[in-house]
Amino acid sequence: MISLRPLKPFRFPVLAECINPDVFQGKTLNEIETLQVWEGNKQKKLGELFKIDEVKTENQPDNPAITLYGDVSKVRRIGLGMKSGEITLNGDAGMHLGEEMKGGNITVHGNTGGWTGSMMKAGTIEIFGSAGDYLGAPYRGSTEGMHGGRIVVHGNVGTEAGANMKKGIIKIYGSAGQFVGFRMHDGTIYVQGDCEGRAGACMVNGKIVVGGHLESVLPSFTIDGIRPKVKIEENEVAEGPLYVFLGDLVENGNGKLYVSKQKNPHLNSYEKFL
Amino acid sequence: MELLVKNGFVYDPLNGVNGEKMDIAVRDGKIVESVNERRARKINASGMAVMPGGVDIHTHIAGSEVNTGRLLRPEDHFRDFESKTSVTRAGVGRSIPSTFTTGYRYARMGYTTIMNPSMPPLEAKHTHEELNDTPMLDKASYPLLGNWWFVLEYLAQGKIKECARHIAWIMSSTKGYAIKIVNPGGLEAWGFGHNVKGLDDQVPYFCTTPREIIRGLCKANKLLNLPHTIHVHANNLGKPGNYTTTLETLKCVEDLATEDKPVIHLTHCQFSAFKGDDWRTLESGAEEIANYMNGHSHATMDMGQVIFTDTTTMTADGPFQYALYGLTGNKWVNHDVETETSGGIVPFRYHRKSYVHAVQWSIGLELALLIKDPWRIFMTTDHPNGGPFTSYPKIIAWLISKKAREASLKRINARARSRSLLPSMDRELSLYEIATVTRAGQARALGLKNKGHLGVGADADIAVYNVNPETTDISRKYRTVRRAFRRAAYTVKGGELVVKDGAILKHVDGHTMWLDVKVSEPARITGDMKRRFKDYWTVEYENYPVNEDHLKGLDPITVKARV
Numbered sequence: 001m002i003s004l005r006p007l008k009p010f011r012f013p014v015l016a017e018c019i020n021p022d023v024f025q026g027k028t029l030n031e032i033e034t035l036q037v038w039e040g041n042k043q044k045k046l047g048e049l050f051k052i053d054e055v056k057t058e059n060q061p062d063n064p065a066i067t068l069y070g071d072v073s074k075v076r077r078i079g080l081g082m083k084s085g086e087i088t089l090n091g092d093a094g095m096h097l098g099e100e101m102k103g104g105n106i107t108v109h110g111n112t113g114g115w116t117g118s119m120m121k122a123g124t125i126e127i128f129g130s131a132g133d134y135l136g137a138p139y140r141g142s143t144e145g146m147h148g149g150r151i152v153v154h155g156n157v158g159t160e161a162g163a164n165m166k167k168g169i170i171k172i173y174g175s176a177g178q179f180v181g182f183r184m185h186d187g188t189i190y191v192q193g194d195c196e197g198r199a200g201a202c203m204v205n206g207k208i209v210v211g212g213h214l215e216s217v218l219p220s221f222t223i224d225g226i227r228p229k230v231k232i233e234e235n236e237v238a239e240g241p242l243y244v245f246l247g248d249l250v251e252n253g254n255g256k257l258y259v260s261k262q263k264n265p266h267l268n269s270y271e272k273f274l
Numbered sequence: 001m002e003l004l005v006k007n008g009f010v011y012d013p014l015n016g017v018n019g020e021k022m023d024i025a026v027r028d029g030k031i032v033e034s035v036n037e038r039r040a041r042k043i044n045a046s047g048m049a050v051m052p053g054g055v056d057i058h059t060h061i062a063g064s065e066v067n068t069g070r071l072l073r074p075e076d077h078f079r080d081f082e083s084k085t086s087v088t089r090a091g092v093g094r095s096i097p098s099t100f101t102t103g104y105r106y107a108r109m110g111y112t113t114i115m116n117p118s119m120p121p122l123e124a125k126h127t128h129e130e131l132n133d134t135p136m137l138d139k140a141s142y143p144l145l146g147n148w149w150f151v152l153e154y155l156a157q158g159k160i161k162e163c164a165r166h167i168a169w170i171m172s173s174t175k176g177y178a179i180k181i182v183n184p185g186g187l188e189a190w191g192f193g194h195n196v197k198g199l200d201d202q203v204p205y206f207c208t209t210p211r212e213i214i215r216g217l218c219k220a221n222k223l224l225n226l227p228h229t230i231h232v233h234a235n236n237l238g239k240p241g242n243y244t245t246t247l248e249t250l251k252c253v254e255d256l257a258t259e260d261k262p263v264i265h266l267t268h269c270q271f272s273a274f275k276g277d278d279w280r281t282l283e284s285g286a287e288e289i290a291n292y293m294n295g296h297s298h299a300t301m302d303m304g305q306v307i308f309t310d311t312t313t314m315t316a317d318g319p320f321q322y323a324l325y326g327l328t329g330n331k332w333v334n335h336d337v338e339t340e341t342s343g344g345i346v347p348f349r350y351h352r353k354s355y356v357h358a359v360q361w362s363i364g365l366e367l368a369l370l371i372k373d374p375w376r377i378f379m380t381t382d383h384p385n386g387g388p389f390t391s392y393p394k395i396i397a398w399l400i401s402k403k404a405r406e407a408s409l410k411r412i413n414a415r416a417r418s419r420s421l422l423p424s425m426d427r428e429l430s431l432y433e434i435a436t437v438t439r440a441g442q443a444r445a446l447g448l449k450n451k452g453h454l455g456v457g458a459d460a461d462i463a464v465y466n467v468n469p470e471t472t473d474i475s476r477k478y479r480t481v482r483r484a485f486r487r488a489a490y491t492v493k494g495g496e497l498v499v500k501d502g503a504i505l506k507h508v509d510g511h512t513m514w515l516d517v518k519v520s521e522p523a524r525i526t527g528d529m530k531r532r533f534k535d536y537w538t539v540e541y542e543n544y545p546v547n548e549d550h551l552k553g554l555d556p557i558t559v560k561a562r563v
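Going line by line, the protein sequences match chains A and B. Position one of the first sequence corresponds to residue 1 (my numbering), numbered consecutively onward. Position one of the second sequence corresponds to residue 1 (my numbering), numbered consecutively onward.
Hints listed in this document are in silico derivations from the structure and should not be mistaken for laboratory results. Any given hint could be a false lead.
Stated by the list, open to error - To give an idea of the chain A side of the interface with chain B (calculated C-beta under 7 Å), a few residues: (1) 57; (2) 139; (3) 140; (4) 141.
In this text the structure is predicted, and so the values were computed from the model without any measurement. Beta carbons are placed, not taken as given, at the ideal position from N, Cα and C, and that holds for glycine.
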């Protein structure tokens, strides 16, 4: 296992796509130290910014593992495109964590910045703190959102979580900002806490489950019924009763928006349309 | 400053030089007979092909529409960026690169002159500001006149001479170069949510038809002695079965031709050569169009080749772009409806496994190969509609090598492959013909006297490509050729060496060419016209014309008109 600790607090954003188990694999410590990163507009070696150690554990994991300690919230693109292995962050992480990842695990014991798991294809990201905006969403303007994989956030998330999602699952145990599942095509988003609004705007297909308070449902959604519970994934069920809305009709969509009945008494006016 | 390009195999079709080993001498930005060999800077081009700098007759690189395309597509930028160097500026963009990057990328491919084909007159200032920031290239713009109210009114009344004088005024006030006609009549109709479907449809609110617009502007073009012909984007573009409209468009000006000189340029012909009733029965109409072209000499064309890639379509043809938006469901911008034209932008991806896209790919190449005279069909992608201009080397490879075509054919949609005419075509263009379709022919069609050739007195725009025609069988080693055309060994612009081995050595600003048309009696600017500017335009008449100090590197071309 390789451990990285920042030598001193970062003053400028650092682009460190080389912090990636696939890149570290088969390299000696010296080779890892000489990997190139950008700090602001200067190119630096990884060893100039981090103290890098090899930690010998009794049962070495098959896949290479990387552990980061300390605040790396200015370090972007950690685990970009990783295919296997594990990254554990003990502290806050910066933007674009696990962007386009194709496999492996990332665990964060802290918060993450925007675009976490952006455009990911497979693999798992688990965040025990909160995540920023655009969780699993593609780069601005692109329609190629999350194509698979799993993101679990135990805290809150910002706006546009799971935008343009095509497949996969996002679970948020805290609350979510506006536009959850914006332009979603398929997949599942579960928000256990409250949702700020405009959930599922322009969604075409897929499933959004809001377990907490949702201020209002977009007028382009139509009520379909009330369900006692809904399946999130294997072994996980959101208990209801839940209102089921279909939309977004603006896009001729057939997405499903489940909203807790108990937490949203203001939505009971929809029941007369049933 | 003297320069000597030594020992290259020179391809200069306008002067009939076909691969002869010669030296090209340059002094003060012009090609001269000879220079002092000891003093001149020498470029060793031995074993390489020397051609005039490339000329692109139709490429959307500047203007409000292109810029909106840039705004629409941040995802196009972030995967393709160029960092600043000591010489060049930073830039981004694949299908719609930023202005500086556009200039550098063209120069790297040995191109030195480009024509920006759609400039709404109201956006002329914007267009010229962007062209000012497009380095390494000489450039010009075509104002869109096929749906311009005053033109439509003059033509409806049959006042060709007044129309011609008005166009002379437009050319100087927008600093334009040629008459561009996009979907004549259709764009005006689009302002009201309609379109025209054929050459004899009435344009709503104007008592005229597309046929009258095309013929009228063609006559005005002749009266004004403009160097280029009318530049026409036909009606019904991008609709199955539109090849008949295309043929009608070509036929409708047949009688206006004299002395075998072209009177019409039909642009991005691939998009106008569809046969069939709907997308499912789409077929190539290239054979019919090529047969017509081979039998007539009054028209020129450019390919508008499709490349299998992700690109951004943008034309002034608003109704067509709306249909494209309906097909793709992608994001889009309806643009420029408030100006004298319309416009639309839709990101688009051409898939090789899609039947329609594969047929389109095939049509472009069929046109280029079936039309026998390389002086009348030119190589373009209608950048960025068919694909970015950086794919030109790919098209060159397809044109010079049957092997390259077969390699690509293997990978396209099977049904499209079985219907394509390409497997039956053995024609392979020589480097001489490539020099014709990429520079000499385009320069001649544009009436550029000092471009596209290497004769004495021409502008010293030279491209040197690292391909040896003596030792390389270009049709077999098409990859070598493709590589060579992707990165020119040397590009000389205005007598200065600006590119070496695909790297920019020097940042130079090009000129903007525009027509200063001398008419015997200038167009009357009536009070009525000024009032309409006040009522309908967002810019007052006084602020409308582009002043000369707005342009960097002014290169007016004086034309004496017959009116």
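The hints, checked one at a time:
1. Because the smallest distance between the Cβ of residue 57 of chain A and any Cβ of chain B comes to about 39 Å, over 7 Å, the interface hint for this residue is violated.
2. Hint status for residue 139 of chain A: holds, given a least beta-carbon distance of 5 Å to chain B, under 7 Å.
3. Evaluation of the residue 140 of chain A hint against chain B yields a held restraint, the C-beta minimum of about 5 Å falling below 7 Å.
4. Given the 7 Å rule on beta carbons, the hint for residue 141 of chain A holds: about 4 Å separates it from the nearest Cβ of chain B.
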